[in-house]
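Protein chains in written order, with the working numbering: chain A, 1 to 184; chain B, 1 to 251.
Keep in mind the hints are simulated off the structure, nothing from the lab.
Be aware that one or more of the hints could be misleading.
[Claimed, not checked] Reference excerpt, derived from the structure (chain A facing chain B, CB under 10 Å, subset only):
1) LEU6
2) SER107
3) GLY111
Keep in mind it's a predicted model, so treat the numbers as computed, not measured.
Cβ coordinates follow ideal geometry from the N, Cα and C atoms, glycine included.
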Amino acid sequence: MNHFILPGVVGCVLLALLLYWLLQGGAANENQLDLLKIRETLADLQLLIRSQNLVARMFDPKDLEFVRAEGDPVLVRLLNRERKAAIVGWMRRMRLQVSALMAYRISYARGTKKLRPTMELRLTLEYVTFLMTYYALIFLVWLWGPFHARRLVGSAIKSVGLFCGVFEDFVSSSVMANKQLSEM
Amino acid sequence: MGQFIWWICILLEVVIVSLGRRRRFQRFAIFYGYILCILASDFSRMYVYRWHLSVYGRFYWISEIVLAILGYGLIAEIYSQALGRYPGVSQFARISLAAILGLIAMKVTLDLFENANLSFASLVVELERYLRLTQAGLLVLFLFLLLYYKIPVGRNLRGLVTGYVFFIVSSVISFPFISDPGIGLAHLVRKMEPTFYLISLLIWLISLWTYYPEPQTESSNEILKDYGQLVQETVLLLHRARAYLLKVAGS
Chain A
1 MNHFILPGVV GCVLLALLLY WLLQGGAANE NQLDLLKIRE TLADLQLLIR SQNLVARMFD
61 PKDLEFVRAE GDPVLVRLLN RERKAAIVGW MRRMRLQVSA LMAYRISYAR GTKKLRPTME
121 LRLTLEYVTF LMTYYALIFL VWLWGPFHAR RLVGSAIKSV GLFCGVFEDF VSSSVMANKQ
181 LSEM
Chain B
1 MGQFIWWICI LLEVVIVSLG RRRRFQRFAI FYGYILCILA SDFSRMYVYR WHLSVYGRFY
61 WISEIVLAIL GYGLIAEIYS QALGRYPGVS QFARISLAAI LGLIAMKVTL DLFENANLSF
121 ASLVVELERY LRLTQAGLLV LFLFLLLYYK IPVGRNLRGL VTGYVFFIVS SVISFPFISD
181 PGIGLAHLVR KMEPTFYLIS LLIWLISLWT YYPEPQTESS NEILKDYGQL VQETVLLLHR
241 ARAYLLKVAG S
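Can you make the complete structure from the sequences, with help from the hints?
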């Protein structure tokens, strides 16, 4: 039986990757390294995560308690809907910025002569962790509503922090490599 | 019907080999050599089947192993054509390839020692199974690298890769049925195998009929120049961003 499972799994994975690659148009080179765009993305991300008061406000259960005290279920539903949309929009923007940084990093990595496999793996792992947290949060906000997902938002923000940390290491090591290359 | 498909396959192999004589396609020299070897093995198998039937089984499996080993040359060509312009990714691929091949060589050696009492035919079949599965693994890594680093690939190479992946997928999945004719679906799979191979040949023929130049890549020196202006600023920005994030997460 084992003789069938392994070839079957390997064959299906390979076929799925091939189809995905073909659907992507042979992985077209869309993310050219653009200095201005990277600066814009970084500035955007910084602005986004600086809005800590706004984040705290979006998840504050006091607003819900206040509206509940008014006794109108339509208002409670409206508040939930509005907060849900705001949180999802905020998270989505953060994901897009982080993904854009990742895409620029890949553009750089593609052209560089000295790729560091351990750094690549670390960054990928941090990115995957962030994406998993992001999708879990979106699911929980959709399932339970915005006021029950506060803790997960904290961990999503933490994972962006870790990603930024690894990205920092990556750019620092790039500075070193750059200096060494220019000295040669 | 099966015989008819085999004759069409041989005809297509001849056409593909003749296309390889064009100068522009000589960068795929190993591919055309590989198809030429398949063609030679088709004719020699026919000869052995007609005149030396008693050794046909042994001859078939040995020629399969030789072709599978030549397939590694083709994979090396695919890797070097696609990643050759990206030295960093190419080096990363070489390290990963060495690790994968080393692990598989160890596993095969251990298995062969464990099954030292196997007959020659069974050993050959086992070896063939490992060779095909390893090729599939190397292609998985290749496609993953292309997707991850968004490496652009020209139409000719894309067709070559598509045809070869399809060929390897069909042979990996059909192999257990072909090596053990007693299995229920074996007869059907054996009948289907030439059709799968025909599809691969058609993909190769269509994609290699016309020459398409490889897409231009950005110069790595330019990237480094641009990147140099950016990195100091980025470190500072990210440091600040990180501090803000952890503050928010902790609140």
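Okay, the hints, checked on the actual structure:
no., hint, verdict
1, LEU6, "holds, 7 Å"
2, SER107, "holds, 8 Å"
3, GLY111, "holds, 4 Å"
This entry satisfies every hint, going by the numbered hints stated previously.
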